[in-house]
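**Q** Using the hints, position chains B and C against chain A.
Single-letter residue listing:
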Amino acid sequence: MNAELRMQTGARVFWLKVRRSSVTLLLSAFGLVASWALLNLVIGGQCGSKCVEDTLAQTLRVATPIAFAAFCGVLCERAGVVDIGIEGKMLMSAMVAYGVNLFGFQLFQDGMGPAAAGNLSRWLAVVAAVAVAILLGGLHAVVSIRFKSDQIISGTVINILAIGVTGYMYRSFLSENLPAGPGTFPLAPIPLLSQIPVLGPIFFQQKPLTYIMLLLAFGITWMLFYTQWGLRVRAVGEHPRAADTLGVNVLRTRYINTLVGGAVAGLGGAWFTLEAVDVFSPLMTNGLGFIGLAAMIFGKWNPFGALIGALIFGLGSSVTATISIFRPDIPSQIPQMLPYLLTIIVLTGVVGRAVAPAADGQAYEKG
Amino acid sequence: MANLARNPVSARNRVSPLQRILDLLSMPALALVTAFVLGAVVIFLTSGRLETVGEAYWGLLRGAFLKERGFSESLVAAIPYVFLSLGLALGFKTGLFNIGVEGQFYMGAIAAAWAGQAVQGVPAIIHLPLTLLAGALGGAIWAGIPGYLKAKTGAHEVISTMMMNYVAFRLTEFLISGPLRAPSGSTIQTPRISPGAELWSLWDIPARLADPLNALAVGLGLGFLAWLIARAVSRRGQESGASGQSATSEKAGRAVRNSQFAIRNSPLLIGIAVTIIAFLALPPLTRLWWPFTDQYDRLHLGLVLAVLAAVAVWWLLWKTTIGFELRTVGANPNAARYAGMSITRNVVLGMALSGALAGLAGTVEVVGVSICRCLPLFFSSGYGFDSIAIALLGRNNPFGILASSFLFGAMRNGADLMELSSGVSKYIISLIQALVLLFVAAPAVVRWLYRIKGAARADDAPLTRGWGG
Amino acid sequence: MPPALQAIGITKCFPGVLANDHVDFALAQGEIHALLGENGAGKSTLMNILYGLYQPDEGQITVNGQPVKIVSPHDAIARGIGMVHQHFMLVPPLTVTENIMLGQESLVGATQALGSLAMLNRRAAADRIRTLSQQYGLAVDPDATVGDLPVGAQQRVEIIKALYRSAEILILDEPTAVLTPQEADELFVIMRGMVQQGKSIVFITHKLREVFAVADTISVMRAGAMVGSVKPAQATRELLAEMMVGRAVILAIDKAAAQPGAPVLQTDGLRVLDDRKHVAVDGVSLEVRSGEILGVAGVQGNGQTELAEALTGLRRVAGGNITLNGHDTTHATPRQLVEAGMGHVPEDRHKHGLVLAFPIRDNIVLCTYYRPPNSHGVVLDYPAIERQAEELVRVFDVRTPSIQTTAGSLSGGNQQKVIMARELSRLAGQDGVQTREPPFLIASQPTRGLDVGSIEFIHRRIVEARDRGAAVLLISAELDEIMSLSDRIAVMYKGHVLATVDARAATREQLGLLMAGVTPASGKEDARG
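Chains as they are written, first to last, in numbering that gives the first Met the number 0: chain A, 0 to 366; chain B, 0 to 468; chain C, 0 to 528.
Please keep in mind that the hints were generated in silico from the structure rather than gathered at the bench.
If you're wondering where the values come from, they're calculated on a predicted model, not measured in any experiment.
Incorrect hints may appear among the rest.
As the list claims (entries may be wrong) - Derived pair list, reagent style DSS-like, types lysine-lysine, alpha-carbon separation capped at 25 Å: (1) C/Lys254 / B/Lys151; (2) A/Lys299 / B/Lys151; (3) C/Lys230 / A/Lys299; (4) A/Lys49 / A/Lys206; (5) C/Lys206 / C/Lys254; (6) C/Lys493 / C/Lys276; (7) B/Lys151 / C/Lys276; (8) C/Lys350 / C/Lys276; (9) C/Lys230 / C/Lys206; (10) C/Lys350 / A/Lys147; (11) B/Lys425 / B/Lys66.
Isolated chain A (complex conformation):
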């Protein structure tokens, strides 16, 4: 095919992509403005610019665990493994992070002073959370890949297991007589960048896990579409037999992606007890793992799309909080329903047109 023709096709494809993303951008901007008007209607115009900034910053904060959950979903499903157990992984990670943070602090504070000990115990807690989530991810992987169980049921097993174990541990060790802990991660404003008006306080005055989440969005996109591993993952998720005939190890690819996805979910779980609140309560994940799956579908299994989905749900959550503050007369349960209803609406609007990786959810039989 001659060069000119190639350039023309390339240019046309590029233009189509730009057009599609500008439509999405316009729609999102419109949605944002519309919900803003609605919000102000409900709270009677009391939300000034500081309130707007705070709400948006809160949006990014709440979006963090949802985005982590969505990224875990992307990693697993791009390789063809459906993971419903993200909620359970996050719950276990949250509990483990809390425990390690608390008891680690007790261990270290005599030796190195409270500030350093607090830092060490918090980061150690992150590592522990990731480790536990990798373990659970490994369980899901073995049951689904090696034993070819139905993947949705296998994920549900992880959820039930997590509820049982965290309930047990909570009752036994974590509900009373607890020593004082070092608390959650402090805000970590990035020098210079946090001074930018408007964007600064929203994006660059956050806690460490949020920054990691943003970096992961870039990282996973790069990995999926620009590296050798990503190409193999995508092939395995769409047509594992084709990849197999070319010598790609389908099962190993699925295992690794499920484990890495688990690690990412562990980061999401750590958020609950290391960045949000300084306490663990049973079932504190509140369905955010499932909302993450919806964000993943919304984002058509692309990390940045999933991030936008997470931001939308985060917005729903933080708007709920804002409404509760300014209108204490509305019973709190009504706005609390918002994020979940929003999820359903978004899900039904998008799913028909979002196509999962073709081999998603099917166990791979060699030969």
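**A** Okay, now just chains B and C, sitting in the frame of chain A:
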């Protein structure tokens, strides 16, 4: 391979029934045993003493069956499980994972709590069925909405019903603390339902039957059941009788026609007879002698309803065209479309029926079990996830579900005494249940553990599909 | 000179079937070796073993005379063996370049230290692809998305995929299944070109004609065993057919002349869209009369599937109309069509035709369960259903231990017999429903993947239906089947019916040209599409 034999009856030469039962039971039994063994290992590891295992399981056994009222309490705990698991199983058969049974439970409960006290003084013969209907409708609508969304847009029911769960929790919280709150009293709960809407406790039945309307209701119910049974039996008799029939003379022919008339109309006569007999005889008889006298025994008529529900679900799925369509949509939606079945209608119907059963579970809680005959604010069930394990353990078969519901109900009931007597936390039961689910969902794991050979069987196929539907 | 590739005593057992029984096979250097056999003979299994996808239970493989162990496609590729599968091993959402370099990716040198996370160098791969493309005359566009390519182009991508990996030995599994006769000839030219450049080729087929066109040696397999090898000069079609099947085979069905009556099915300007909203059926007007078989010929992917789905109510009609016995059925549902007397043997028997998990009994009444005698009201009448099922299983010679056996455990041929039993018995009014008007049967790829015995059986049944007065629309990608069964033949190309000819007068060449879009008037490839 030989063609079929000429005689059609011998073509039904299946494996003997005993063999089939053993076959069906082997995997679930192994799954259970393995789960309990692993549970024992965990108990041993966390307590450090081998004796704790024995104390724990002995406490479990005593609490479930041996202690005073233990057996009936196990039944009481099992009843909501039956309804929820039937709902889940029906969903599974239609290819749907209705993980939202918990939310539908709540909506059924709140609907029943409202219907039970919205009118007062209505006799039980009307009020009780009405309340049950309200609860079923509440659950049906709550499940039907995600069902419709799935049919029309492909939105996966796991996510949408999960979200509906959280909405249901908040909604019921709001309703109980606000519009539906009982005006008097310090605890936040709904008003007490009218006595006419209550589900009778077994010990109370003689007193209830004193009311002629109640006796009539019971009579009609028993008569209806008798009619159904007689009809089924007579139809069996007709088939085997008819195929061998060969009237040789005029007299024999007339006798055959007469007996055929009798056979065809006797079920109705039987039904009417049973109604009248029950109405007249039961009240005085039960006053004279009634086995259940313990006033603290919480076992209630919901038990009968649960068994009836299991039979009804079995009949619906395997004996009717409706069930045939539901199962086809679940097994192969493409073939279902090809066969002219409406996917939308069946998906919505499957979800709605599933939700109705879950709603009935909630209803039974309010009108049969709760001491206050109401729905309190901090009511939590946690029945939902357990039901998944029960449904799968029972192989999505109504009678298997009856058995495994009883097992899980017994475990749940016995867990309190287990904790009291051995110190092992109740959550060990959750762990065991998760393990059971694991082994039932992945038979390959059990086969690997026990080195059982044998290729994967048809029912090892996935119960659910990916996001695309 | 040692053979390029040799299999010695290969035996492979799957549960319940002996797929390869001590098979010996030798591919000489620089030859095109045809491996012939009917469906289920074991040809693909043998080649999959040589390519490392399966492991043999017994036997040995040598490459260039050296014994080798091939445990995975990776090993095969390393030894210079490349395979083009019957069902393409291409990932539709990825580009041609990505598909070709998968597993042997070109990496940006600087990033190679990152191991798996090294960055892809698409440009280098694309350049190499273009070089190969020119060298062997296989035109491909490296940046195109594979899912958008027509089938012929996809096959070229598959071949380049093998050449990219420096394959010296090429295995082609049923490569002409998706090509017109002319495209097949072009492929043979390319194959001879490759052999001239030093490659050795095995080419699997079940079509007798092709082996004479291009093979240097012909080996025949039957029921898992190698029957023998011959040179084309010493073989005749009849000899090969007998080697393939084990008995004398009637190569053409014996049928009486058609006695067509009034039109039963008519379409006028029918327009149907495919899943991606492209026009798949573009203004098709055809007519099927009672007592005749109209065969729709054409390479798969020219709209036949969508046509069949539109006619049977499984796909929405975007324009035009359909008339069945004078009634407008353009927007009829599948159930309404069943009631109107239509029988449909679907293209994909596992997807549409059967519920594999259900017993034969349930599959027999899949379309009629809701009406008497199969059910009364909502209650199913199992004794009646079972009587009907047993009778049909006997009449249609379905080999099964009982009607309670699940459809999934039947062989392909028996599964298709169950479907035919169901659809044809409705036509004959056997389930108690009287159809006053002549019934209509649409059969899509009815003998795909079946053994010769089943094929003969099904062909005979279709002709019987025609002789009973049914109007039959037969859609098939097998030109032999179309020519042997049809009374009239319509050829589809890119959504149009290019021409409708009398079957007795039609020739393979004429049909082949039409299938490639060449209309006799213009003599050039059809400009549309």
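**Q** Now look at each hint and say whether the structure bears it out.
**A** Hint check results:
1. C/Lys254 / B/Lys151: Violated, because 48 Å separates the two Cα atoms, which is more than 25 Å.
2. A/Lys299 / B/Lys151: holds, 19 Å
3. C/Lys230 / A/Lys299: violated, 55 Å
4. A/Lys49 / A/Lys206: holds, 19 Å
5. C/Lys206 / C/Lys254: holds, 22 Å
6. C/Lys493 / C/Lys276: Judged against 25 Å, a Cα distance of about 15 Å means the pair holds.
7. B/Lys151 / C/Lys276: Within the cut-off at roughly 19 Å; holds.
8. C/Lys350 / C/Lys276: holds, 22 Å
9. C/Lys230 / C/Lys206: holds, 16 Å
10. C/Lys350 / A/Lys147: holds, 22 Å
11. B/Lys425 / B/Lys66: Holds: B/Lys425 and B/Lys66 sit about 18 Å apart, inside 25 Å.
Hint check: violations occur at hints 1 and 3; the rest are consistent with the structure.
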